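Enquirer: What follows is the residue order along each chain.
Protein chains: 2
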Amino acid sequence: MTVDSVTGATMTAEAGATRPPADGPDFDRIHDALLGSWKDVRLAARARTLDPALHRRDDLLVADHRARVTAQLQVLLDSGAVRLPFPEAFGGTGDAGGNLVAFEELVTADPSLQIKAGVQWGLFAAAILHLGTRYHHDHFLADAVELRTFGGFAMTETGHGSDVASIATTATYDPATQEFVIDTPFRAAWKDYIGNAAVDARAAVVFAQLVTKGERQGVHAFFVPIRDEAGAFLPGVGGEDDGPKSGLNGVDNGRLHFTGVRVPRANLLDRYGSVAPDGTYSSPIPSQGRRFFTMLGTLVQGRVSLAGASNTGAKIALQIALTYAEQRRQFAGAAGDEEVLLDYPRHQRRLLPRLAAVCAATFTQDELLLAFHRVFTGEHDTDESRQELENFAAAAKAEATWNALDTIQECREAAGGAGFLAENRFGQLHADLDVYATFEGDNTVLLQLVGKRLLTDYGKRLKAAGGAGAARIVAGQALGAAAASAGLTALAQRVADGGTAAGAARSLRDPATQERLLQERVEVAVAEIAPALRPGPGVSAADLAARFGEHQHALIEAARAEARLRQWRAFTRAVERETDAPTRALLALVRDVFALQVIERDLGWYLVRGLLSRSRGRAVTRLLDALVARMRPHALPLVEAFGYEQGHLRAAIASGAEAARQAEARAAR
Amino acid sequence: MTVDSVTGATMTAEAGATRPPADGPDFDRIHDALLGSWKDVRLAARARTLDPALHRRDDLLVADHRARVTAQLQVLLDSGAVRLPFPEAFGGTGDAGGNLVAFEELVTADPSLQIKAGVQWGLFAAAILHLGTRYHHDHFLADAVELRTFGGFAMTETGHGSDVASIATTATYDPATQEFVIDTPFRAAWKDYIGNAAVDARAAVVFAQLVTKGERQGVHAFFVPIRDEAGAFLPGVGGEDDGPKSGLNGVDNGRLHFTGVRVPRANLLDRYGSVAPDGTYSSPIPSQGRRFFTMLGTLVQGRVSLAGASNTGAKIALQIALTYAEQRRQFAGAAGDEEVLLDYPRHQRRLLPRLAAVCAATFTQDELLLAFHRVFTGEHDTDESRQELENFAAAAKAEATWNALDTIQECREAAGGAGFLAENRFGQLHADLDVYATFEGDNTVLLQLVGKRLLTDYGKRLKAAGGAGAARIVAGQALGAAAASAGLTALAQRVADGGTAAGAARSLRDPATQERLLQERVEVAVAEIAPALRPGPGVSAADLAARFGEHQHALIEAARAEARLRQWRAFTRAVERETDAPTRALLALVRDVFALQVIERDLGWYLVRGLLSRSRGRAVTRLLDALVARMRPHALPLVEAFGYEQGHLRAAIASGAEAARQAEARAAR
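Order-wise, the sequence lines are chains A and B.
In terms of our numbering, the first sequence has 89 at position 89, counting the first letter as 1, and numbering is strictly consecutive.
In terms of our numbering, the second sequence has 254 at position 254, counting the first letter as 1, and numbering is strictly consecutive.
For reference, chain A alone in the conformation it holds in the complex:
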């Protein structure tokens, strides 16, 4: 189903004209499953990104690339799509999930465009919408949405990126003039890496410590004009260009500083906290900490969309690399003919588990989008659902962004020298998506949050079980650990496997076995860490911090395992939804490849704990090899089922040129 916008072959495929053999997997069904819950929105977004005006050009200087992307925003606005998440009064339908789907797809045109659009609509305008109230919507939102005001989201400072609660910019209320006075008191307090800030921004949503009546009320957001119409900084405002970056050079990131900059009292985005004319502070959320995290909660949409965008990048890279691997030949085989790269088992091992991982991430992303949609449309917006969403997004974002970088890099190398040419896109995709691993929440910090949540949940379970119950849980774990340690788990596995390699393989393909292993990877790790972190008599805060440090690495690894467990479950639900038997069998095979690579990566962890028997452990690698070989004939149709067209790939080695060269060379022999 490689489809081309020119021939309209998408339509053909959609209509099922390219039916597979009746007994084989139906790739149209897989295509639908991979497109997910917003299929039409997604396809419409992809159709838009076929417009060459939106595509990245390879040899522009930074200033020209920036100007090009700025102009592209207008094209997006003209399409109307970017208005959709906003309220009806602003041209929208409130389709929170669909909006992110459309953003994800911008990566195929130019990741800079995705991020620039994200800055303008997803951060700047969205902050006005979500953190502001009626006044701000009336006065600032339409200009932001309609690109009459370009704006920055000025949260991060040079000195504080991950720990935003500690930013040093202040907004001090002056009741005499009913204004806030914004200051960045030292160099580390300058706002930094702010998209739009170097050139385009005329205003910014500035995050600052609100001070009124001599008291700090924590971080709040303010609408602050920063430049005049001609682009000159307003009095008291200054800044610097962040200059060229490793990627995303279509986005003009910059630094901003403020010295006694005054904005009217009304410019405080006051949904979660307001200041009366006399300076009295009030908030619907009494706890400063909770208030802060509620405000930060609006950032979750950035994380959700970055996870999806990373998947998009990985899919493009895989389709380019696998198309080439199916056409490219090198070294004569036993029969004398040169072998197709993808027939080399090592090449399969390099690309196919990554294809399986991207399928897993895709099914996970759809569930994440649905969860996001339910919260942000108010359909199911509770404290608990928000916390669960934030936790899910943190795990998914870390996993998807790292996975994309790893996948794109492997694809690049698998294409050899051709993979290094700009015309084949890998390098630029990697360079652009690189920062996705650390912005909108550094992956390590996000995973630490996920890990802490795992610890909290574990503590809650113990507490809910009560004294005796908790003792039973701990004893049960101790018993399980002792049994595993004594080899009883391994013994049970040997018995279950009938002592044979085939039996071990059968067990490992059983979803129940897979789920138990993936779950144990999380739960046993948490149970190992938790006791050390329990406060007790004579345990100082410093002791606890030191112990936390000792277990930080293990906790973060447990959080990654949690992210993968979620992926496995999402994939398995997708398998279970599939009703066509051969199609379901293929999806199950790919899910198994995903599961086994995850288990193989942590093989040592399982074995030292006796959670895998040696024979079953040995079967993991063998089985993975065998399943990858079984997946190989389906690799190209599978990657094509993502549904991207030549106009999205735009890679010389995926254009069919290699097949033509091979045919010409073979004919000449």
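Don't read these hints as lab results, they were simulated from the structure.
None of the values given here were measured: they were computed from a predicted structure.
Glycine included, each C-beta is placed from N, C-alpha and C at the ideal position.
Misleading hints may appear alongside valid ones.
What the hints assert, rightly or not - Listed next, the stretches of chain A that the computed footprint assigns to chain B, with coverage defined by at least 3 CB atoms under 8 Å from CB atoms of chain B:
(1) 300-308
(2) 325-334
(3) 363-374
(4) 542-556
(5) 593-607
(6) 663-669
Let chain A serve as the given structure and place chain B on it in line with the hints.
Expert: Same frame as chain A, now just chain B:
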């Protein structure tokens, strides 16, 4: 020992003015050890790369970057250094090893400069020197060395990169005119990715299938003029620009094609094969295969220098990231103060094992350079020493180039958003060094060669042992495997460890234990693979090829293990050479961190085979955590002992600016 060319602090450090406390490690000694056998050449090369005229600029279009690098070659030539590897008549001293040392260091200025210099002097001129004879030295070499003739090394074709023996360009001898006629018969036969070919090259060493008297004699090299002085292609020659690349855009890579291009008979570089006026072919090496590999042998210097250059890139990245990690603070700790990034155990885990790995690669590189020097100066140039050198270079190049990419990426992420700015260099270093993993021998192909050599050596050992001896070796292995499998090895380990975690840790720090484990990783893997690949009655070539495929992944992993074993041994020899006890202790600690990360990576492999007991396996991760914590206070002095100056780092976050910002912010509180 962060040293600055302006203050001359290098000299101070060299003179030992900054003596460490008497009981601590002596970092001047470590500095010397890391600089290796060509210390003076290396320092002189580094002094040259401080020249801003040689530095990469961040915002140049491809054409301007190319022009800048072309001009930089003249600066290098003026320094005289690039003449050193050539014979005396060409201004050289024949210092083969020192020449590569100087090349390695060019990476600090701009990897494009390293590669462009490598193309001109290391490939084009070196091919004339090594593949040509007196006539070619007299007629072509001086112009190549003195940059009067820019040239390409036209070996790779669009259709054949890794399998160069199958290139399709032909050079057909015409006795009537005593000329060779060069042809690229179809598109896949075009020369591709050829450095200098897009713009600068006026000539090329073209590799082609030599045909004379209607017979193919295999691949040979020809000196072929391709452009006139004004830069227009000569008749019959054409080409294309490879266009922008993911990195190395200072090098003008291009494609070349030839249609009936005639060159005089004398233009065959005929050291390894010549054609008489009547077309009679002769060669000092009768076997076509061996002749080809002998010619290719001259490529080994490219691999050696890429390994070293990758280490240089990784060192720069680590010094930038570790300097920042020592100054940057984020999140308040238990005491209220914000914590230094490098005090986070996870941050240590991310950076310090990589620092240990780069130390290992550095000591390995020095041994590789010495081996290269002995062969290429003729000091010890035998078939066997050449084969060993090629094998060593293949393993070291694969390991060093991948390690550099992994290290630079981790450093980039560890520096967060700041790491994404061009001013901090990580992204460009990664983009430039990316292709080092696949050019001058694709790492996967190189490792497969190393793996095949392991199999051959194993077969030879069996054969040398004779029938009964071979049976004993195999039986011994079977016994060892059975003992391991039955848990006897593990039991023996438990006994040796006294059943305690401390005992296990002690064993794992024992170099003999480390070496045995690393060696078993190679030898057991090879012994597992070898039997399946033994030809026998009823085993067809196709069967063998299929079986080879089944074991390809395992063989390549065994080859990586071999590369790491070599690194471990080189590191251990460096430890043993050190006579100052505290310095030696620190080197041993870093070596242990290297060893344990290698073992941890393959933990599952060891455990399923019973080569590690569960308790010792569990001790691996704990011990690695503990050793990394012990290494932490030495991290900065250690990375500074690589000896690079601010003029090499040229990164804003390594300039001390972060420390100044932190001090200002803390003073303001």
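Enquirer: Decide, hint by hint, whether the structure agrees.
Expert: Status of each hint after checking the structure:
1. 300-308: Since 0 is below three, the answer is violated.
2. 325-334: holds (count 5)
3. 363-374: violated (count 0)
4. 542-556: With 9 residues in contact (Cβ-Cβ under 8 Å with chain B), the coverage given for the region 542-556 of chain A holds.
5. 593-607: holds (count 7)
6. 663-669: That given contact holds, which follows from 3 residues of the region 663-669 of chain A lying within Cβ reach (below 8 Å) of chain B.
Hint check: violations occur at hints 1 and 3; the rest are consistent with the structure.
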